[in-house]
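**Q** Chain by chain, the residues run as shown.
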Amino acid sequence: MEQHSDTFLDNASAALGNTAQAERRDVIAAFAPLIRSAAVEGFTEFDALRQHVKRVRQHSLDHLEYYLGQFEHEAVHNGNHVHFARDGDELNSLVLDICQQHDARHVAKGKSMVTEETGLNDFLQRAGLEVMETDLGEYIIQQAGETPSHIVAPALHKSAGEIRELFQAKHKLGDRELPETVDLVSEARQVLREHFLKAEVGIIGANALIAENGYSMLVTNEGNGDLCANLPRVLIVCTTIDRVLPLAQDATAMLRLLVRSATGQSQTCYTSFYSGPRRESDVDGPIETHFVLLDNKRSEILDSDYREMLECIRCGACLNHCPIYSAVGGHAYGWVYTGPMGSILTPLLTSLEQSHALPNACTSCGRCAEVCPADIPLPDLLRDLRHEENSKKLSAPRWRLGLKLHSWLTRHPPLYHALTSIVIPVLHWFGRKHGNFERLPLAAGWTSQRNFPAPEGKTFMQQYKAQQKRREQGKHER
Amino acid sequence: MNERDREHSPPQRKKRVALFVTCLADLFRPSVAFASIKLLEQAGCEVTVPLRQTCCGQPAYNSGNYEDAVLQAQEVIQLLAGADYVVVPSGSCAGMISHHYPTLLDGEWRDRALELAAKTFELTVFLKDIAHIRPKRKKSPAKLPSVAYHDGCAGLRELQIKSQPRDLLRELSGVEVCELQQSEVCCGFGGTFCAKMPAISGKMVDDKLKDAVATGARILAGGDLGCLLNIAGRAERLGEDIEVRHIAELLSMQFDGPAIGKGK
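Line order of the protein sequences matches chains A and B. Residue numbering for the first sequence is 40 to 517, as defined by our numbering. Residue numbering for the second sequence is 139 to 402, as defined by our numbering.
In short, the hints are calculated from the structure, not lab data. The model shown is predicted, which means the values in this text are computed figures rather than measured ones. Possibly wrong hints are sitting among the right ones.
Facing chain B, a subset of chain A residues (Cβ under 7 Å, in silico) [stated by the list, open to error]:
{"hint": "1", "residue": "Asn429"}
{"hint": "2", "residue": "Gly474"}
{"hint": "3", "residue": "Thr498"}
Quick reminder that beta carbons are idealized off the backbone N, C-alpha and C, glycines included.
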């Protein structure tokens, strides 16, 4: 996927200017935390389970090679083909090869953020295949030629009215007007059914890989994952190496956190486990199945200080609770992953050079870490990325040098106090009438949005020292 | 302190408190520091103000300049080492000292940071949970106008400050807090964030201000001057008629001067 993270500030301004979308984001921002907290509060084991799953994830990552080996062994034993892809290009080529081996013309696809990361759709389409996204949200944005704005709800930014206009433009509707939301869903379902039946290859993602039995696990609310997996002749599961968990019970434990955190449900409508190709006694199912397991810098992240980021279970809770994500929406982040998790993953998976604005889109308010079911210290990782930005001198020089000078001054208290005892009273004097400034040199960022409150008078240190001096004199005179 | 005061104080040794004023209170709102001293003395503490104090290092730290933040942290640790307690009228600065210094520093400095962390408290936490401040017996408190309270994020999430300011406003100032609808959402200050990403910050502070105004309260109080300068500045820009004040001003009943951002 093409990246636009380097223009984050411009993207954000444009998003703030779109009032209709901004208003919808406000409604979602107020609503999403409520459904999550209702689900979590009604589930007393949540915190204990969070700690348990964290230990399991840490253990799996500590022994990643072992569990990947076990998974591969079991999956092959079940009749699957297992491929490892170093980067996005390798994944795309592997998938295209499989499609071409089966003379496939049509691909039904769903529930994969990883293939957004590698730009698989474009790659297959350029090779002449028809690729249809089958998750309702993904289908909508594919039709609109847009990218996901949320990792769980990719078309969150679109209103029912916009979707109706889209279908009117793209579908042969005749005189049908699709007045209700349910009509829009039925329309998409009708169109998608044909694609499911026509596709020779199905591509899905995975929420977990289970080492002990070689299965993959996927949750959906629409059932499209199962249709992609069972109707076409060939199934390809695309996911990343860090998804592997030792036991089936680890995957289901993780699921109990994931779904509550993502949608406030206790379970999604469909939880599916994929074992392998159709056996002789099976009436349906694919005749050939593949796993393509992508690395794309995960091994590097594993050996870095950002390792905990690999424990992310992609629930989207950090997005739903981030005031900055709520203010600007997902597209402003300019790549696949958005919100706090995206602001960490994007620099790690692409480069800090082209995305160093993202870790700055954070007030360290900590709400993301508070709700993160994987207990990832997101604000700390974001700050660490700012440290890297600072060390590599990627940030604006005036900020870097300004803060350096400030820090130096504060470490020279006599000079600091002498300077502030001149500047602050002057500032107070100029602002004494209104109590604030509409404009102030060196504070354009601040005053573009708000007035600058004037100091109350002399600094506290000036006043306090004078007070102490008066007391001392008083003692002597007595 | 004169002899008469000493007679009225409890028999045990007074708690020796060093006040870490914070740079924003020092520069913009000295009345917060004076009110803090008054409250701590009312709670029976002996207050000192170490004179070489400046800034806790948050601007450097949060901007990713860890190297300078380490030097600032070491200065603060040395400065405050001798006190029994350190009290800070700011959730984010108290959080910086007690929560972030120990992760920022290594070795012997980390041990010293942990020592300091264990005795450092945000003002309302100290008054309520440690010093158990009680209202003054003689004077019945003057009636405060209605007050809404803004929870600063660091105080709320790093230090779990939620009930203390509300309890103190009830017990010392006789006022129930009007709750904001989105009380757990950031006001958009975020240190340098508000100047680096002004448009986003502006939308956030606007939401916070609207929420505060909708409570119908006359005063918006808070424990962090960063948030309060941000919200007051936006209120002045929009001409909203709400007074923004630090909670120390309200608890000490010292609020005859202009509110934050207001002229005389």
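**Q** Each hint should be assessed against the structure and marked as holding or not.
**A** Hint check:
no. : hint   : result
1   : Asn429 : 4 Å, holds
2   : Gly474 : 4 Å, holds
3   : Thr498 : 5 Å, holds
In summary, this structure violates none of the numbered hints.
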